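Model the full structure from these sequences, guided by the hints.
Those sequence lines, one after another, are chains A and B. So the first sequence is numbered by my numbering: it starts at 1 and just counts up by one. So the second sequence is numbered by my numbering: it starts at 1001 and just counts up by one.
In case anyone wonders, no lab produced these hints; they're calculated from the structure.
With the Cβ distance kept under 8 angstroms, some of the chain A side facing chain B (calculated, not the full set):
id, residue
1, Tyr31
2, Val33
3, Ile36
4, Ala37
5, Glu40
6, Ile79
7, Asn82
8, Ile83
9, Pro172
10, Asp173
11, Glu176
Derived lysine-lysine pairs resembling DSS-like cross-links, with alpha carbons at most 27 angstroms apart:
id, chain 1, residue 1, chain 2, residue 2
12, A, Lys24, B, Lys1463
13, A, Lys182, A, Lys137
14, B, Lys1051, B, Lys1238
15, B, Lys1050, B, Lys1083
16, B, Lys1490, B, Lys1130
17, A, Lys24, B, Lys1447
18, B, Lys1083, B, Lys1046
19, B, Lys1447, A, Lys164
20, A, Lys44, A, Lys55
21, B, Lys1440, A, Lys24
22, A, Lys164, A, Lys105
23, B, Lys1337, B, Lys1298
24, B, Lys1440, A, Lys164
25, B, Lys1046, B, Lys1067
26, B, Lys1337, B, Lys1463
27, A, Lys24, B, Lys1466
28, A, Lys44, A, Lys62
29, A, Lys105, A, Lys149
30, B, Lys1071, B, Lys1031
31, A, Lys146, A, Lys105
32, B, Lys1447, A, Lys182
33, B, Lys1012, A, Lys24
34, B, Lys1238, B, Lys1321
35, A, Lys164, A, Lys149
36, A, Lys182, B, Lys1440
37, A, Lys149, B, Lys1440
38, A, Lys149, A, Lys62
39, A, Lys44, A, Lys182
40, B, Lys1466, B, Lys1012
Every value quoted in this text rests on a predicted model; they were computed, and no experiment measured them. Ideal Cβ placement from N, Cα and C applies to all residues, glycine included.
These are the residues of each chain, in order.
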Amino acid sequence: MDQNVPPLEVINAFASVLREMGDKYERGELYIVELIAAGEGCRKAIMDIVEPKLKLLGVERKTLGKIVLGTVEGDIHDIGKNIVAAMLSTAGFEVVDLGRDVPIKKFVEAVKEHDPQLVGLSALMTISMINQGEVIKALEREGLLKGVKVVIGGAPTSQQWAEKIGADAYAPDAIEAVAVCKSLVGRG
Amino acid sequence: MQGPPVSVIYMKVGVRRLKLFRVLNGEDVNKIHELSLSLLQNLGVKIFSKKALDILEGAGADVDQHKLLAKIPEHLVEEAVRKAPRSIDLYSRNPKLDLHLDGEHIFNITDGVATQVIDFDSGRRRPGRKDDLCKAAQIVDFLDYINAIFTPVTPQDTPLHSHMLHEFEAVLNNTEKHYCAGAVDDSREIPYLLEMVAAVVGGEEEIRRRPIMSACTCLVNPLIIPREGIEPHLELAKYNVPISIVSMPILGATAPITVAGSILLGNALILAGLTILELANPGTPVMYGSYPLSQDMKGGGHSGATPEALLVIAGHNQMGKFYGLPIYSGGTTTASKLPDAQSAYEKALGGLFSAMTGADIGAGGIGILENYNTLCFEQMLIDYEIVTMVMKLLEGVEMGNEALALDAILRVGCEGHYLTDRHTLSHFREVWEPMISDTKSYDAWLKSGGRSVAEVARGRMEKILKSHVPVPLDKDIRERLSEIVRRADKELARGEAVD
Chain A
1 MDQNVPPLEV
11 INAFASVLRE
21 MGDKYERGEL
31 YIVELIAAGE
41 GCRKAIMDIV
51 EPKLKLLGVE
61 RKTLGKIVLG
71 TVEGDIHDIG
81 KNIVAAMLST
91 AGFEVVDLGR
101 DVPIKKFVEA
111 VKEHDPQLVG
121 LSALMTISMI
131 NQGEVIKALE
141 REGLLKGVKV
151 VIGGAPTSQQ
161 WAEKIGADAY
171 APDAIEAVAV
181 CKSLVGRG
Chain B
1001 MQGPPVSVIY
1011 MKVGVRRLKL
1021 FRVLNGEDVN
1031 KIHELSLSLL
1041 QNLGVKIFSK
1051 KALDILEGAG
1061 ADVDQHKLLA
1071 KIPEHLVEEA
1081 VRKAPRSIDL
1091 YSRNPKLDLH
1101 LDGEHIFNIT
1111 DGVATQVIDF
1121 DSGRRRPGRK
1131 DDLCKAAQIV
1141 DFLDYINAIF
1151 TPVTPQDTPL
1161 HSHMLHEFEA
1171 VLNNTEKHYC
1181 AGAVDDSREI
1191 PYLLEMVAAV
1201 VGGEEEIRRR
1211 PIMSACTCLV
1221 NPLIIPREGI
1231 EPHLELAKYN
1241 VPISIVSMPI
1251 LGATAPITVA
1261 GSILLGNALI
1271 LAGLTILELA
1281 NPGTPVMYGS
1291 YPLSQDMKGG
1301 GHSGATPEAL
1311 LVIAGHNQMG
1321 KFYGLPIYSG
1331 GTTTASKLPD
1341 AQSAYEKALG
1351 GLFSAMTGAD
1361 IGAGGIGILE
1371 NYNTLCFEQM
1381 LIDYEIVTMV
1391 MKLLEGVEMG
1401 NEALALDAIL
1411 RVGCEGHYLT
1421 DRHTLSHFRE
1431 VWEPMISDTK
1441 SYDAWLKSGG
1451 RSVAEVARGR
1461 MEKILKSHVP
1471 VPLDKDIRER
1481 LSEIVRRADK
1491 ELARGEAVD
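Spelled out as structure tokens, the structure:
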């Protein structure tokens, strides 16, 4: 940035490095922590250094899409959701991470505020996964499901569960989550 | 502990940080020792070798040359044990891959000697071939934690009168690692074998300094030393070739049905073999080996993977340690015919138990099924997974400040995660890593083919065989080896009968 490289070019360079790392990971040549650490590093650089510059120039950054993500109410197990957040952000999504034990209402508010293409709902426990369905119902009641696709995940969940509660997709793990989200926004 | 041996840099070597797990107390050990001496002195050993009987007689044993029976005085045995080296080196084609058996490190070697192979292409069991042995050596060369190769299979497509030489040639051409000859059963092949060693190490004088092979002798229970189990080894011992003296008691058949009785009988037999070798060539490097089997009292078969057989290994490992000898023991064994659940649980339990109780080399009888009768390539990788897990287990728990990770714990706090913490990033490569075990989610597993571990092993094995190229011997050495083998094929054929 100090050498006046255009900010969008910097972002593209990050993206191409991360893409290459993603391919290497798929081939078993990289470890997941390396991939995530690189993703977090790039994200931090973009947020702290590149974005302010873009704003200054009045240029908008292109992402694969925006996702509102959280571990549903009643569940504080968030390591899986954190990995998914890191992987999605690495892949080029804008991630709005609501954290864990997120009340249903907060998902509704976040969708209204951020206008995302995707909503991601994570749950680790059979007792909390019920709330994935409750979030979907609440979004439907508020008429927010138009233009928003819901993806769910977490150890006790499954494709069948996703269909039962009316989610658009199920992602069995963080790697799949990236592919699933890309395909949901038509970039798969 | 001093720094790691040089070899650690070039291959992976198990480090024993856990204390030995013991199955006998001090009094038990003394009792087995004393009873073993008493058996050798009063009952004696049947020895089918005039040469060995003469050695014992010359040293003062009570030998009946007609009955082939030697009663060995206690002091001869005790002196022999004292002459045997405490730690020994196993040399390799590549000196960087030498093994230093010091009790602090654990090495892994293949097992055998099978005659059958599960054909990698057809999946059918058939007689083993020389090219199977070449493949097995190539795989051993590739696998970091497999530090040496014991003849996994005796080829059935080469002349039997020169099989040892064909085996050595196949191994030398496909791995730089140490070779332990498994089926050393014919003295006539020994001069050719030594000639082959000389061709690689650079002359006959060099053999004594760097014998790049060791040899196994499998003595026979109850208390029998066959001619082929001692005479070739006496020749090799002259050249400082280390000998692993192995006892294979069959509980309830060739040995008592009880664990203690089989430990006793096997121990006495190993001491008898050791005494002959040390009397003939004082200072001969010997290893103490145990490969017991249990007689199946219902079905008539046997298995080396029963709790009783494993307890015999443990007892023998402890006896060997009592004598201060390097331990060469089995354990990673199975009676199963296929790479299946039985082969996995038997080998996992046995490999771990043998290593925990003192095996310095062994633990990794990778690839062998059906009680040492069949080699299976897929099984080699399944067993390798077990071996690497066992090696990690024996490293125990490291307790330095860096390992306690207090800094990282304070840094991450009550929330957040360790995935990208610098402590994780600087240590994650140290943790055990599976080669073929599946850890995927159900859907990801299904998407990647939904394969069993045997199928995954097969795929991985295909890649290794296709891609791994061992460092070749110089062309003139290769040609010299081939010439020696061809000459032996012809010259030894004249007296086809071994006896």
